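Student: For the protein sequence lines, the chains are A and B, in the order given. Residue numbers for the first sequence, in my numbering: 83 to 343. Residue numbers for the second sequence, in my numbering: 2 to 403.
Derived by calculation from the structure, the hints in this document are not laboratory data. This one's a predicted model, so the numbers in the text were calculated from it and none came from an experiment. Treat the hints with caution; some may be incorrect.
[Unchecked claim] 20 Å max Cα-Cα, derived SDA-like pairs, lysine to any residue:
#, chain 1, residue 1, chain 2, residue 2
1, B, Lys-152, A, Asn-265
2, B, Lys-152, A, Leu-226
3, B, Lys-152, B, Ile-190
4, A, Lys-307, B, Pro-126
5, B, Lys-152, B, Val-210
[As the list claims (entries may be wrong)] Sample of chain A residues facing chain B (criterion: CB under 8 Å; computed from the structure):
#, residue
6, Ser-152
7, Ser-203
8, Arg-224
9, Gly-232
10, Ala-334
For glycine and all other residues, C-beta sits at the position ideal for the given N, C-alpha and C.
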Amino acid sequence: MRGGPWGVLLAAVVVAGVAREGGALAAAEDARQRCAAPAGATFVDQSLRFAAGRMKAEGVLKIVVLGTASAAGAGVSEAGKAYPARLETELSGRLAGVWVTVATTARRGWTAREMAEALASTVIPGRASLVVWQTGTVDAIRGLDPIEFGNALIEGIERLHSASIDVILVDQQYSPRTAAMINLAPYQAAMERVAQNFDVLLFRRHDLMQHWTETGFVDLSSTAKAEQQRVADIVHGCVAALLAEMIGAALAVDAAGAAKP
Amino acid sequence: MRVLAGLRRVLLSEPAATRATGRDLRLDFFRGLALWFIFLDHIPSNAVNWVTIRNYGFSDAAEVFIFVSGYSAALAYVGAMRNRGFAFGAARILRRCWQIYTAHIILFTVFVAQIAYVALSFNNPLFTEEMNMIRFMNEPHVTIAQALLLKFKPVNMDVLPLYIALLLVFPAVLWALIRAPRAVLAGSILLFAATRIFALNLPSFPEGVWYFNPFAWQLLFVIGALLGLHHRSGWRVEPNPRVFVPLAFAYLAFAFAVVLTWHIPPLREFLPNWLGRLLYPIDKTNLDVLRLLHFLALAYLATLLVRPQAAFLERRPVRPLVICGQQSLAVFCVGVILSFVGYVVLVEVNGSLAVQLLVSAAGIGILILVARVLSWYKGMERAVAPPPLAAAPAVQGRSEGS
Numbered sequence: 083m084r085g086g087p088w089g090v091l092l093a094a095v096v097v098a099g100v101a102r103e104g105g106a107l108a109a110a111e112d113a114r115q116r117c118a119a120p121a122g123a124t125f126v127d128q129s130l131r132f133a134a135g136r137m138k139a140e141g142v143l144k145i146v147v148l149g150t151a152s153a154a155g156a157g158v159s160e161a162g163k164a165y166p167a168r169l170e171t172e173l174s175g176r177l178a179g180v181w182v183t184v185a186t187t188a189r190r191g192w193t194a195r196e197m198a199e200a201l202a203s204t205v206i207p208g209r210a211s212l213v214v215w216q217t218g219t220v221d222a223i224r225g226l227d228p229i230e231f232g233n234a235l236i237e238g239i240e241r242l243h244s245a246s247i248d249v250i251l252v253d254q255q256y257s258p259r260t261a262a263m264i265n266l267a268p269y270q271a272a273m274e275r276v277a278q279n280f281d282v283l284l285f286r287r288h289d290l291m292q293h294w295t296e297t298g299f300v301d302l303s304s305t306a307k308a309e310q311q312r313v314a315d316i317v318h319g320c321v322a323a324l325l326a327e328m329i330g331a332a333l334a335v336d337a338a339g340a341a342k343p
Numbered sequence: 002m003r004v005l006a007g008l009r010r011v012l013l014s015e016p017a018a019t020r021a022t023g024r025d026l027r028l029d030f031f032r033g034l035a036l037w038f039i040f041l042d043h044i045p046s047n048a049v050n051w052v053t054i055r056n057y058g059f060s061d062a063a064e065v066f067i068f069v070s071g072y073s074a075a076l077a078y079v080g081a082m083r084n085r086g087f088a089f090g091a092a093r094i095l096r097r098c099w100q101i102y103t104a105h106i107i108l109f110t111v112f113v114a115q116i117a118y119v120a121l122s123f124n125n126p127l128f129t130e131e132m133n134m135i136r137f138m139n140e141p142h143v144t145i146a147q148a149l150l151l152k153f154k155p156v157n158m159d160v161l162p163l164y165i166a167l168l169l170v171f172p173a174v175l176w177a178l179i180r181a182p183r184a185v186l187a188g189s190i191l192l193f194a195a196t197r198i199f200a201l202n203l204p205s206f207p208e209g210v211w212y213f214n215p216f217a218w219q220l221l222f223v224i225g226a227l228l229g230l231h232h233r234s235g236w237r238v239e240p241n242p243r244v245f246v247p248l249a250f251a252y253l254a255f256a257f258a259v260v261l262t263w264h265i266p267p268l269r270e271f272l273p274n275w276l277g278r279l280l281y282p283i284d285k286t287n288l289d290v291l292r293l294l295h296f297l298a299l300a301y302l303a304t305l306l307v308r309p310q311a312a313f314l315e316r317r318p319v320r321p322l323v324i325c326g327q328q329s330l331a332v333f334c335v336g337v338i339l340s341f342v343g344y345v346v347l348v349e350v351n352g353s354l355a356v357q358l359l360v361s362a363a364g365i366g367i368l369i370l371v372a373r374v375l376s377w378y379k380g381m382e383r384a385v386a387p388p389p390l391a392a393a394p395a396v397q398g399r400s401e402g403s
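With these hints in hand, go ahead and build the complete structure from the sequences.
Tutor: This is how it looks when you write it as structure tokens:
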């Protein structure tokens, strides 16, 4: 289960590669190979029509990551290692000639309802073209009504869509030590249903992190600070790499659709 | 050697009640199955919980547990209430209620110990948000008081408070059920409807509402109790199988198809958006009508397929299930604790598929062991006790078996 010395060495190489600003494409490619995703986890069945439209017309892809502690980079070794910052690097490398910016609006303990209500004052005035909305943990810990959680998501998505902003939902982290004490399932189900019914992409971070743990790619159980940071950097790097892949694929869906008369 | 022989007798003991006593073993069988499923479902990331019914339809083991509990509660207490008066019947029900309450508080204590262990031994900044779950430990006096009031309920510990709430009012419900079953059913359906319209529920601590809304779930308990009474009186609810068997199968197939799209995302495109918006959210808290219908369809087909005289219920291989169903409170509580222990093994030691299988099998083995020992003990106790009616006023340790 646990990675041997070769696994550690490889992971270190990957981190070193991904960490380099404007890193060589080869390193990014390598990172994606390491950050293997199980079938269906990054499945793309929706386009990003607003973002694709603006990218074509204005040459910009303006992303806001809306979330809680993990979007703010809790646990990584330095601010630049958090997944929002690395998403910008990944996408810039992937979308030649497009000006990609990723801003973060994150607050610890923010519920989905609070985030949905903050959209009008924080995200919408900034004319983002895509919101990466990471949520679900706080509501689960507080045991808030899963139906009401789903309603908050729907309201937020409708607000963003009517402001011509696309949405990608990002679900919870996989946290092995607390999994038996926090019931994530009803909130995950709510995110699945809302994504399905409102034509929004869902990034299944929980399943990915669980997959990486089960295949021995990362070990989330360490208690040593340096090791915890190293693993957090890998997790955030892989989340950024796969999220960029999903965004790229969804933008391409639209390009292909637009190509047809 | 004598010790071994004694142990052998305990472990191979017969079920506490067999057909000779007129007990419907299907109840014990299905409740035992539900308890095993609850144990497996409560271990996160355990591949074995793919066998449980929640993966194949809308309803899950919780519905089975509550329905069978209502059914067997009616069977267990109707005699006492009819023959020895309301007060005695009510006292019996409330004694059972108290037993469940104390069991719940023991589970709560175990849970607090688990949380404290995790909080002290594990601090990873990557999980800053997740670790916030221990904030209730900041004010233990408030939390413990709220737990005693059943307002603070840790994860996976929502079923017993529901059961307690239902039994607390069951004396009055049973009294009315004996006299006017149709009126009780109508009232129960009205309350269920009112719950949806007026969003009735009990408050939880520190916020939110009960995960299993007793105002909604009471309907399943009442339906169970009603059928239990009818079973006793010999009156049977027999909907026309020519109409209802195909209907039930069609509904189960539909539910299965919908659930498949949860497990296999690419299948989603076959579920149109309008249908999705009509179906979702499927509300477990308020016992969504889709869930209720799914359970009723399952139960209907199950009672047709497994008749009370079914021979397999007395075969040796199913005996562990039947015995677990008969000792349901103990098996449930031990199961909750074991599922946590099993999960700790998967996370801390090894989470491979082989270990998942091993943990699941070992857990079920322990559940069977606990049930067998209790079954043996109760049997022995009953064997030496004088007949209840002729006994001295002292309360005999008789089990109600629910």
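Student: Take the hints in turn and mark each one as holding or not.
Tutor: Here is how each hint holds up against the structure:
The straight-line distance between the Cα atoms of Lys-152(B) and Asn-265(A) is roughly 17 Å, inside the 20 Å bound, and the hint therefore holds. Pair hint Lys-152(B) plus Leu-226(A) holds up; C-alpha atoms about 14 Å apart against a cutoff of 20 Å. Taking the CA atoms of Lys-152(B) and Ile-190(B), the gap is about 25 Å. The hint is violated against a cut of 20 Å. Proximity of Lys-307(A) to Pro-126(B) is assessed by CA-CA distance (about 9 Å); at most 20 Å being required, the pair is judged to hold.
Using a Cα cut-off of 20 Å, the hinted pair Lys-152(B) and Val-210(B) holds, with the two alpha carbons roughly 9 Å apart. For the restraint placing Ser-152(A) at the interface with chain B, the shortest Cβ-Cβ distance is roughly 7 Å, inside the 8 Å limit, so the hint holds. Given the 8 Å rule on beta carbons, the hint for Ser-203(A) is violated: about 23 Å separates it from the nearest Cβ of chain B. Proximity of Arg-224(A) to chain B holds as hinted, the smallest CB-CB distance being about 6 Å (cut-off 8 Å).
Among the interface hints, the one on Gly-232(A) holds; its C-beta lies about 5 Å from the nearest C-beta in chain B, closer than the 8 Å criterion. With 8 Å as the threshold, the beta carbon of Ala-334(A) stays out of range of chain B, its nearest partner Cβ sitting at about 17 Å, so the hint is violated.
Checked against the numbered hints above, the structure violates hints 3, 7 and 10; every other hint is satisfied.
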